[in-house]
Amino acid sequence: MSAIILLTLIGIVFVYSAGTYWGKVHYGNTAPFLFKQLIYLGVAVGAFYVVSNSSLLRMEKSWTILYIFSLLLLIAVLIPGIGAVRNGSQSWIAFGPLSIQPAEFAKIALLVKLSFVLARKKSTERTIQLSHFVLILLPAALIMLQPDFGSAFILLVSSFALLFIAGYPIRFYVFLMMIGISGLVGLIMAAPYRLKRIEAYLDPWSDPLGSGFQAIQSLLAIGPAGLFGHGFGNSRQKYLYLPEPQNDFIFSIIAEETGFIGAALIVITFAVALYSGYALAVRTQQLSYYYSVAALISMLGFQAFLNIGVVSGLLPVTGVTLPFISYGGSSLMSAWLIVGVIWNFTKRI
Amino acid sequence: MWATKSTKKRMQWMWIVFVVLFLMLIGKLVHVQFIQHDLLTKRAEESWDREIPVSSLRGNIVDRNGKLIVGNKLAPTLYFMPAQNDKPLDAAKELATLLGVDEQALAKKMQQKTSIVKLAPEAKNISKELAEKIQQKNIPGIYAGLDYIRYYPYDQLLSRLIGFTGYDQQGLAGLEYQYDDLLMGKASAIRLFTDAKGSALPHVQDSWKDGKDGATMELTIDVDVQKVVERELSQAMVKYEADQAMGIAMNPKTGEILALASYPTFSPPSFSKVDSKIYNRNLPVWMTFEPGSTFKIITLSAALEEQVVDLDKDHFFDPGYSMVEGARLRCWKREGHGSETFLEVVQNSCNPGFIELGRRVGPTKLQKYIRDFGFGQTTGSNMAGESSGILFSEKAYGPVEHATTSFGQGISVTPIQQVQAVSAAINGGTLYQPYIVKNLIDSNSGKILKSYKPVKKRQVIKPETSKKVREALESVVALGSGRNAFRDHLRIGGKTGTAQKVENGRYKDGEYIVSFIGFAPADDPEIVVYVAIDNPKNVTQFGGVIAAPIVGQIIEDVHDKVGITERKGQLEKIYKWGDVEKVRVPDLVGQTKEDIAKLQYPFRLEWHGNGSKIASQLPKADAQIGLDGIIHVYLEK
Chain A
1 MSAIILLTLI
11 GIVFVYSAGT
21 YWGKVHYGNT
31 APFLFKQLIY
41 LGVAVGAFYV
51 VSNSSLLRME
61 KSWTILYIFS
71 LLLLIAVLIP
81 GIGAVRNGSQ
91 SWIAFGPLSI
101 QPAEFAKIAL
111 LVKLSFVLAR
121 KKSTERTIQL
131 SHFVLILLPA
141 ALIMLQPDFG
151 SAFILLVSSF
161 ALLFIAGYPI
171 RFYVFLMMIG
181 ISGLVGLIMA
191 APYRLKRIEA
201 YLDPWSDPLG
211 SGFQAIQSLL
221 AIGPAGLFGH
231 GFGNSRQKYL
241 YLPEPQNDFI
251 FSIIAEETGF
261 IGAALIVITF
271 AVALYSGYAL
281 AVRTQQLSYY
291 YSVAALISML
301 GFQAFLNIGV
311 VSGLLPVTGV
321 TLPFISYGGS
331 SLMSAWLIVG
341 VIWNFTKRI
Chain B
1 MWATKSTKKR
11 MQWMWIVFVV
21 LFLMLIGKLV
31 HVQFIQHDLL
41 TKRAEESWDR
51 EIPVSSLRGN
61 IVDRNGKLIV
71 GNKLAPTLYF
81 MPAQNDKPLD
91 AAKELATLLG
101 VDEQALAKKM
111 QQKTSIVKLA
121 PEAKNISKEL
131 AEKIQQKNIP
141 GIYAGLDYIR
151 YYPYDQLLSR
161 LIGFTGYDQQ
171 GLAGLEYQYD
181 DLLMGKASAI
191 RLFTDAKGSA
201 LPHVQDSWKD
211 GKDGATMELT
221 IDVDVQKVVE
231 RELSQAMVKY
241 EADQAMGIAM
251 NPKTGEILAL
261 ASYPTFSPPS
271 FSKVDSKIYN
281 RNLPVWMTFE
291 PGSTFKIITL
301 SAALEEQVVD
311 LDKDHFFDPG
321 YSMVEGARLR
331 CWKREGHGSE
341 TFLEVVQNSC
351 NPGFIELGRR
361 VGPTKLQKYI
371 RDFGFGQTTG
381 SNMAGESSGI
391 LFSEKAYGPV
401 EHATTSFGQG
411 ISVTPIQQVQ
421 AVSAAINGGT
431 LYQPYIVKNL
441 IDSNSGKILK
451 SYKPVKKRQV
461 IKPETSKKVR
471 EALESVVALG
481 SGRNAFRDHL
491 RIGGKTGTAQ
501 KVENGRYKDG
511 EYIVSFIGFA
521 PADDPEIVVY
531 VAIDNPKNVT
541 QFGGVIAAPI
551 VGQIIEDVHD
561 KVGITERKGQ
571 LEKIYKWGDV
581 EKVRVPDLVG
591 QTKEDIAKLQ
601 YPFRLEWHGN
611 GSKIASQLPK
621 ADAQIGLDGI
631 IHVYLEK
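Chains A and B supply the protein sequences, listed in that same order. The first sequence begins at 1 in our numbering and counts up one residue at a time. The second sequence begins at 1 in our numbering and counts up one residue at a time.
These are computed hints drawn from the structure, not numbers from a lab. Be careful, since some hints might not be right.
As the list claims (entries may be wrong) - Calculated pairs, SDA-like style, for lysine to any residue (alpha carbon to alpha carbon, straight line, at most 25 Å):
(1) Lys-28(B) / Ile-10(A)
(2) Lys-28(B) / Ile-170(A)
(3) Lys-28(B) / Phe-153(A)
(4) Lys-468(B) / Val-324(B)
(5) Lys-8(B) / Ile-10(A)
(6) Lys-457(B) / Arg-64(B)
Work the whole structure out from these sequences, hints included.
Pasting the structure below:
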């Protein structure tokens, strides 16, 4: 818990630092993000309080309703007029000045619902069941339609992690990997230009103004920082070199200003959060809670890994926020909702 | 209870997977932040750079006493950052008016979508005053980059030696070209801190990227000597309506060139207004011509060194010509000099007498002396465009060639070769390599990068022989053909020369190059001065009449500058009255009092009225007056 509070505080501070210039240029205000982020945080912590104390949420029925509700939202977001398009994806539903991303909530609803389903399994039943995949693929497909590959990918990976913890056989994952590899090979054979995409990822300098742009700008922030960084507030890349620096690429700015030490500290803090999450999971009172907590904390872990991986050039660019730290109401809200659910499920009554 | 062993184990596996994944992240961070640190820092700086270049200073060129010959003066160049001005057309209009240039071209440049535009040539090297005026207008996005252009405190002085620089201060001719690598600095720059679009970030400090100034070049030239030489040559150009004129002053004991001049000349900033021959040819090292009688010094030295003549005791009869293999080689004096001692042969510059000296030395030995004195090859003075001259090949060297060579005809040499050779003949017999660059100095630290010292090439004649040569040449000035160079107590020695010009292998009728090579004082020479006037008109074309007085005047005016004190024991001159020299009056109207003082006119000026500017003069420009005449100058405010 303290690890998560630390991450949130780091987030607030760097949303301010990274966003000052972008905010000034685009909104005429040096701290528009800080102000909004503080409001979001208030709302998120309120939601955390409600969720962590709600006894309703301890019942499977509530999660079935939430799951169906989130599917409806995912459908609603695709309807023009309700869903808002940002950066090429129709992922947002606006409520006045606030907007939410249904996919963020669908991920939570799915993982908890799936946990309850998995926990119900009798020892005589087969481990692999079609219903599990239906549950997973419905929201995944809807998210892909937006399209939001980042969220869909997170959703799929954390779902499979959950299935793994629930005892799906190893050979299933070997099979999955083979499908993945052959699929990749097939895609490349079908359209050789995709190979170029991979090359661009391996060497972003080959196309510095196109697909490699963000990756390069991110590396230009992280690389020169060295061990200690340029000091708080002294980022250069935040001056419009790195687009939306308070958002997905906030880690670059943190690394630029605090160096390797700050960057590694963030990674370690996530690892600590993850470890305590798993430790909490063991303390839960029923199997469905155990699955839920393990799945939700894994999702946060994957998201953090994916974000930092992208920012540091380890992974190809996908739009994934850094939980607790990146600017954005939905991202912050969903992270705190996850913490709320975990808190709720691990309470001893 | 619920948690089976297997599910717990699965969770441990998940944890291990995450540890591996997170370690990969750390590993990647190490790679990016440490291993690729330098590479990425370089690339990041390239991406951030918005530099306004600041020209580094091109190296100064100074004389042997540190006097500035070529320097730099501030002439800013304007730059424009399009991102910082949303009304580039208005800015272009305002700027075009201030600069007095075409608005369209400027507007086109200023609408480019780049981070920074150099406004050249419209606003390259504008004056400091104009740049300040533009800065005061505060046009957004306009920056003045420090830029310099060459500055010539003495205007035309030495220009054919030094050359000039081009548009970007690169050396294009002369020493500027030859030593461009050393003179050229490395540009500095102001690094502006901007965002990705080029907008300035006023709260962040701009940084300064250090360049390096070019090296200072110290010449062996003495500006004071040079000024005298150029003044004399320019007057001769006017007086004799000559085609060209050239002069060299050198220290015979070291080979240091004190002055080196060619006429006509030009002002380096407006080099494009003159013929390229003028700035591409440094006459004293480039031009080759028959030396004429000055070359007789070589024959004389050889004869004395070989001890084949006693100047005072041996006699010679000159009938006005000499027969060699049936060819009749005439003396310049048709009727002949009659009976004379060999000292008189030298004083009279008698051709048949020198043919006799050459005959006594012998063709092989004379050839050897000529080459030992440095003829037939470049002197190694390290000035661009130096010629080696032409001597007779050994095969073609018959008795006639031998005879003409003895009195300086039929061969072709450069002025610098003559100065080099005569210096050796009179300095005690050592041939020194002439040189022009004394030191190359790091302009920032003042440390000497390279220093040039006198180079002794060889001993050509014995010191005692050299002493006899000096005495003979002193008598030429005191008693013989060089008497117009005589100056009381300075003990000037020297030799006249007159040579017909050659064009396409044939002598040109009526066109001569007249020359005189002199030195002083005869007992211990400190300076050798050579002057040649190409095709003088309106006067008897003899070196003794035209060139000798110039050399005499130069030595008189510079003797205290090169450490010559008045001597006792000189040969007394046999005096003949010459004509009063007349020169044309220069145009002084419009100049300031300071200008006039700087130019060192040889006239007496009588000032009338108050003020600093000259309104009129009497006599008018281009009128002729005697050298001791008075010009009345009327001033206005």
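Okay, the hints, checked on the actual structure:
1. Lys-28(B) / Ile-10(A): holds, 22 Å
2. Lys-28(B) / Ile-170(A): Violated, at about 29 Å.
3. Lys-28(B) / Phe-153(A): Given pair Lys-28(B), Phe-153(A) holds - Cα atoms ~22 Å apart, limit 25 Å.
4. Lys-468(B) / Val-324(B): Violated: Lys-468(B) and Val-324(B) sit about 29 Å apart, past 25 Å.
5. Lys-8(B) / Ile-10(A): It is violated: about 32 Å lies between the C-alpha atoms, which goes past 25 Å.
6. Lys-457(B) / Arg-64(B): With Cα atoms ~23 Å apart, Lys-457(B) and Arg-64(B) stay inside 25 Å; holds.
Violated hints, in rising order: 2, 4 and 5; the structure is consistent with all others.
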